[in-house]
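Chains as they are written, first to last, in numbering that gives the first Met the number 0: chain A, 0 to 149; chain B, 0 to 191.
Each hint should be verified, as a subset may be incorrect.
Claimed, not checked - The calculated DSS-like cross-link candidates involving lysine-lysine, where the alpha carbons are at most 25 Å apart (straight line), are:
| id | chain 1 | residue 1 | chain 2 | residue 2 |
| --- | --- | --- | --- | --- |
| 1 | B | Lys57 | B | Lys101 |
| 2 | B | Lys180 | A | Lys92 |
| 3 | B | Lys57 | A | Lys83 |
In short, the hints are calculated from the structure, not lab data.
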Amino acid sequence: MKIRLWLIMWAALVIVAVGAWSGVAMAEEVRTLRGAVPLDGADQAPEMAKWMPDSHTLPRNYLQQPPLIPHQIDGYKIDLRQNKCMTCHSWAKAKETHATKVSLTHFRNRFGTELSDVSPQRYFCTQCHVPQRDAKPLVENSFRPVDAVR
Amino acid sequence: MSQDQDRAPRSFRSQWKILGGFFFLGVLFWGGFHWALAATNNETFCISCHEMKDNVYKEYRETVHYYNPSGVRATCPDCHVPKAWQHMIVRKIQASNELWHKFKGTIDTPEKFEGKRLELARNVWSAMKSTDSRECRNCHDFKSMDFTRQGSRAFDFHERGFSKDKTCIDCHKGIAHSLPKGMTAADDTSHF
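Isolated chain A (complex conformation) (with noise of 0.2 Å):
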């Protein structure tokens, strides 16, 4: 009885020494992108990054990927009173500015009716549709585009 009682407490010590060992050795490898600098030091600011020079249509890497914005649009308001992107990307506008014209799916609110203008729920573009700055990846990323897109 008493060395059926030791294995006991000999096996528990051995499971919790190497799971203490194993989160160590995680610790060592996951880290938060301050990188080593304790939590109540001050982080190296990271290197400002410039956005991409209007361009054209850029690639999409997945099939439900919202188009990317490929300009800048610093200072463009979207609140209550206007949306500036619809300025040049609403119906009305996009021929005569050569804009895209914002997706037909975007007239269609959560209940499935089509409405006349755009749905309040995708009123605000850059919920989705982001422009992009020449920022290198901050961790290693091996994401492939799916052959659909490429």
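Here the structure of chain A is known, so what remains is to put chain B in place on it, guided by the hints.
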């Protein structure tokens, strides 16, 4: 005879004195007038009333005319008061109407301001349109623009706009302040 001769130069002198006095008063009034014009032609004066400070000034502070890479700032009078004297004095006289409405409290709350905003904005737009955006052109002269250094969109629009005699305000509305609510299709003059 000798008395007459004595008197004549004396009255001559006093005439000069009066003339000199008028001249001095003229300098004083003219100087004071211009001092008053200059004193009421700067941002500090403009935002000394809360109607400006709490509404349009706040919005302007987030725009490129307030804060930009080159550090050149356009303040209220740069865009809203003409530089040429004859136009400036007309605008200054018109401003007395704004003083009257300040005392009446026509736009003394944010709600009242919003209620009047469309009308006020339309006034500024039509003024800009009638002067061919004169105040914009004090700084932005299209003859000095290097289109090739502009973005491809600006290049395209500017070339098409200038060739169709469009004026700055036709497309550049709401660049320093928020646009008003209730704009109609007629307010959009940016069509080519």
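Outcome of the hint check:
1. B/Lys57 x B/Lys101: The hint holds at about 19 Å.
2. B/Lys180 x A/Lys92: holds, 20 Å
3. B/Lys57 x A/Lys83: holds, 19 Å
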